[in-house]
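Number of protein chains: 4
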Amino acid sequence: MERKLAMMGGSYNVKGFPFRIQERVVSQSEQFASDNYSGVCPQAWKAMEAANRMDEPAYGEDSWTQKAADGLRTLFDTDCDVYFVFNGTAANSLALASIGQSFHSVICHELAHIETDECGGPEYASNGAKLLLGQGENGKLTPESIEHLVTKRTDIHYPKPKALSLTQATEVGTVYTSEELRVIRAVADHHKLNIHMDGARFANAVAALDVHPSEITWKAGVDVLCFSGTKNGLALGEAVVFFNRSLAEDFEWRCKQAGQLASKMRYISAPWCGLLEGDVWLENARHANACAQRLVEGLEGLPGIQLRYPRQVNGVFVEMPEPLQAALRAKGWRFYNFIGGSARLMCSWATTNEQVDRFLADVRALIG
Amino acid sequence: MERKLAMMGGSYNVKGFPFRIQERVVSQSEQFASDNYSGVCPQAWKAMEAANRMDEPAYGEDSWTQKAADGLRTLFDTDCDVYFVFNGTAANSLALASIGQSFHSVICHELAHIETDECGGPEYASNGAKLLLGQGENGKLTPESIEHLVTKRTDIHYPKPKALSLTQATEVGTVYTSEELRVIRAVADHHKLNIHMDGARFANAVAALDVHPSEITWKAGVDVLCFSGTKNGLALGEAVVFFNRSLAEDFEWRCKQAGQLASKMRYISAPWCGLLEGDVWLENARHANACAQRLVEGLEGLPGIQLRYPRQVNGVFVEMPEPLQAALRAKGWRFYNFIGGSARLMCSWATTNEQVDRFLADVRALIG
Amino acid sequence: MERKLAMMGGSYNVKGFPFRIQERVVSQSEQFASDNYSGVCPQAWKAMEAANRMDEPAYGEDSWTQKAADGLRTLFDTDCDVYFVFNGTAANSLALASIGQSFHSVICHELAHIETDECGGPEYASNGAKLLLGQGENGKLTPESIEHLVTKRTDIHYPKPKALSLTQATEVGTVYTSEELRVIRAVADHHKLNIHMDGARFANAVAALDVHPSEITWKAGVDVLCFSGTKNGLALGEAVVFFNRSLAEDFEWRCKQAGQLASKMRYISAPWCGLLEGDVWLENARHANACAQRLVEGLEGLPGIQLRYPRQVNGVFVEMPEPLQAALRAKGWRFYNFIGGSARLMCSWATTNEQVDRFLADVRALIG
Amino acid sequence: MERKLAMMGGSYNVKGFPFRIQERVVSQSEQFASDNYSGVCPQAWKAMEAANRMDEPAYGEDSWTQKAADGLRTLFDTDCDVYFVFNGTAANSLALASIGQSFHSVICHELAHIETDECGGPEYASNGAKLLLGQGENGKLTPESIEHLVTKRTDIHYPKPKALSLTQATEVGTVYTSEELRVIRAVADHHKLNIHMDGARFANAVAALDVHPSEITWKAGVDVLCFSGTKNGLALGEAVVFFNRSLAEDFEWRCKQAGQLASKMRYISAPWCGLLEGDVWLENARHANACAQRLVEGLEGLPGIQLRYPRQVNGVFVEMPEPLQAALRAKGWRFYNFIGGSARLMCSWATTNEQVDRFLADVRALIG
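If you read the protein sequences in the order shown, they are chains A, B, C and D.
Be aware that the first sequence starts at 129, since it is given in the numbering used here, and climbs by one per residue.
Be aware that the second sequence starts at 129, since it is given in the numbering used here, and climbs by one per residue.
Be aware that the third sequence starts at 129, since it is given in the numbering used here, and climbs by one per residue.
Be aware that the fourth sequence starts at 129, since it is given in the numbering used here, and climbs by one per residue.
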């Protein structure tokens, strides 16, 4: 995965000089780099403002946290256990650590974020669990691939599989249908695997599949979901939702020890209330998905340009000539290169149709 | 330490039902429980709003993070390395992990927060380093105590001391003078110990000592400081400041792996800019310290009431009869019990003189 | 604990020059330093020789390992799970890790070996669990002390107690009676704690109490025992015996990952067969205890000499004038200094009455 | 890797019933399963007997350990630091942990033992370091593959490569020449990687290459070597040899904490003296390699049989029809299946020509 090389971690890599970088001004309208470049959506901001009006007890004993947790239980229509942590690395790593021990293993797709972009976060939180890499088209694990990884070795020199991690939506912008999830659940049951769902873009998947959130989580046998608020329109804050509550035993201690217990937790939970009220989270996701679709429609049929993966959520992965990519960057457009140099165009709640159209116009002009 | 038992973690302890607690309304004016019950100060809020106006690169490559890091270098008047993490547990744990290995040990006071209230955070981040507990009056480690811990054992069955952790201000609201720090530094030099400073209330210590921040950090031989923004008026976000930059090698990878790299980092760094501009951080600290002093002056001389520790920063530790404490709580006042049942009255940037006076009036009325 | 400083770790402490030490000849007859200075007892050696006559499957699939494990099940008269690891640090650390998670805590006596002499082994294997230190006379935890540690804090900032570790016999050579163990078990039951027994000198305790091994283990509510073979007369090899078999789930993977799965396991298990056949383990322990008693009888009443702790197993802790200790060392006698400078005289299966008498004669001669 | 499935871990996998297996008698003459099925060679046994004649100080302060360490320094003709640990999992895992931190990565071949058969041991000892898998024919990493892994990502979301692990001889019985090692060292230098050598069969590699041990270690830029004694003819005990002594800082504490410090260390080090005196280690390796060659010569040209990898050390990897393998097993021959079902025939110091010839006769008879 060559991606991110160009733009990421630059400042970090100048050893000893973190954050010493030249000022970079990015106007809202010129980037498709990531949904985490966007800010806080108005409804979340409003809730945060409300939460800021008075003092509140710390460590989650405030009323906002209670309300947000209850809101998620209502959303999923089940009595799940809910915890809020700071970011996705922590949510995924701690959720996986709650499933297995250091000598167990986690099955995931070779393109899964937990394998490619967490810098060993899951291995660290679990004190050494290995990830076993499976395959499948469009970034989706196949039942056969899971079966193979669980059965090819059963000796003690090979870490025993305990968890299965699915990314919904996947790193390449595709989704698992509830039917696909049920088939995978059957394999998981057969081999006593708990299912973790990396929901960095869970909202976009729900919007794309047009299903009730329960249909692709607990009703499909998902044990724990990491539901991202950050990419959906918050400043930070992920919800770890345990549908299998036995896995959540003492999880609050795990969060505390790992540096994931916010003292002023209401600044995570209140914005979540903002997302949940009136299904803003879903609106944000639908909008981002629609912007991606608008990009696809504008790009389709242009010479030298073709989709690398089917567009299902808010990311568009498209093959375009290197010179064209360079010219677009020269015009100020920011986007990452992904596998094999294809361009990843990511939309968010903050993307606008005008921005999409400006980008398409530039592409057409450059192709001439 | 019986403290916190009464009020903390209540909701967490109902296993399997996190956050299921009865709504609790706490008006701003009725609590001295903790400086982390307070909200975000206006200047920090304003900066956060400004940062929310447009998209910005993620993972610290934004202009706000650069500005905040540069601001801290200017504040400390030295070319230090600066990183922002989510909370104090993480700041302390990761900073200590950067000093030693799993088989090393950290010397700290028996009342140090890293020992009493981090749920094994430092042991977790270091994969097993032990804390060696020293003594000293008023929560301050003595040079003799440090010397004793380093020299009493040198065999391999005892973890080798590598780090010395000082809390400034201490858990009992006292401060180390720059002279005291220099004496401790000499002991540390003699035994090749790096000094970590837990600055959960560093701002209050600077205000109390009325010194330049450099005087009680790098000029006194501190290698790494965890400077808390949360208790000073932010929603969240601590600065890990490496004066000894060799200890910061690859620290950004450590943060990433540990789930402490914020994608939308500007929501931590912009508020820091708000604190730094015009020395708001110092004003906030001075105000909190002054409120604590006002409490002391009002309580002194009242029958059955006496200070447990000298009041030096924003916390007042006072012995008062159990019935009086109960009566105050009945009137809606919230505060923690500390060592041996004394009351801990904590002030913050948000505490008001009126609030202090109301509390004092209630105390006097109850004593009758 | 100043102990070991004098003699231990010397070569290790010359950084970069491990094992560069001047030859030291210690005749069998001149040491009371430790039971791990002794060699392999004849019966264990004979079994090891037998095991060396032919090839055997690796990793515990050999006939000797099966026989040794069955032998321990017979000895304890219950269907326990048995594993063999290389040494005591590993046995204790891995057994404790199987009881709790990184954010849990282990209650033990402040003089427990796992606290004072494992260099953070338990913290390492558990990835950060803290040891909570209790008190009690003669190195034995009291029920009150346990109760206090479990109840004084229940908030999430304090690691949740999950395990109780008892050393049988203790570091100061005393033993818990089965009655004492049952009282402690009741406290453990009340607080849902699993009991780990550090049996570095378990054989000596059984010999001293003259009970069936089951009486002070599973019948007294011990969940897992680390039964030392090394100090009893093996070259190396401890048995981890799970009476509570649910704790042993996947323990073989834990051993493998931690580097505690011997490929040629028969060289640990065959000698164990040698110890078990004809109760050699018990004979060895009785002999060592008797030698210690002979020392006590010879020392009692001598001017300036008195027992520091009651002699119950194979160690004698005796206060003697520093000059006398120095003179004895000058005559070639080796022994450790323990708490507050008392001398620790440790006997083993290999100690002889003649050796004891020579030592006593030297003491008497020096006292004059 | 399907290997081991058939024969390994069987008893371990019956949860709750470790070591409950039916007796299996394996006559010395009927196995090519593994070099760790063999016993202790006479010279090592003799040294162990000598070491058992008297008491000795514990924890490596004995004369045997000094002698063995000095012997290894003499063998390698350099002033290296030497430590003895119990087994290969520990040797490799702790050596790698001494090179990097939890957020670093280790580059190794996709068939490396540390990746395929240590159950996450390196990840555990390092608290989360990832292994980056490279390719290369015959189980040998190519410089290009290393270069690719180091350069394809440099962002902080990808663990920073710090160590390069080479297996000498490889898992498929091939060796790196000193020339090949020097080319790899140049790549390592360019990217600041330290080189770890997994020497589970180092002796066999030295014998095969007919070079001085220094030629393929420190003179070729190897920083730390894990030199296996177990597979060469000991009961257990690996030497961790640091040529780059700065990496060995405080390594003795690391061993202690990890449960790898033997109290009666002489039972590891004395046998090593037996191997070193008169180059017994080399004789054992040459003999094993010669037996493998005898196998190859006898198998070559037989219908349906062909080598899977060039035979360079003591293992023969051969494709043979499944029915033939079954028939051989039915006759009592034991051997593992390796990648894609080929048979792995492993020879050791204890293998005899008669045994080889009996096997060949059976093969010929079965082929008819």
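Think of the hints as simulated: they come from the structure by calculation, not from any bench.
Fair warning: there could be bad hints in the mix.
In this list, chains with the same sequence are indistinguishable; a pair is considered to hold if it fits within one copy or across any two.
[What the hints assert, rightly or not] DSSO-like mimics (lysine-lysine), calculated; alpha carbons at most 30 angstroms apart, straight line:
| no. | residue 1 | residue 2 |
| --- | --- | --- |
| 1 | 174 | 280 |
| 2 | 347 | 174 |
| 3 | 459 | 320 |
| 4 | 195 | 174 |
| 5 | 195 | 347 |
| 6 | 347 | 459 |
Each hint, compared with the structure:
no.	hint	result
1	174 <-> 280	neither (53 angstroms within a copy, 41 angstroms between copies)
2	347 <-> 174	neither (33 angstroms within a copy, 44 angstroms between copies)
3	459 <-> 320	neither (53 angstroms within a copy, 37 angstroms between copies)
4	195 <-> 174	both (15 angstroms within a copy, 26 angstroms between copies)
5	195 <-> 347	within (24 angstroms within a copy, 47 angstroms between copies)
6	347 <-> 459	neither (47 angstroms within a copy, 48 angstroms between copies)
Of the numbered hints stated above, those contradicted by the structure are hints 1, 2, 3 and 6, listed in ascending order.
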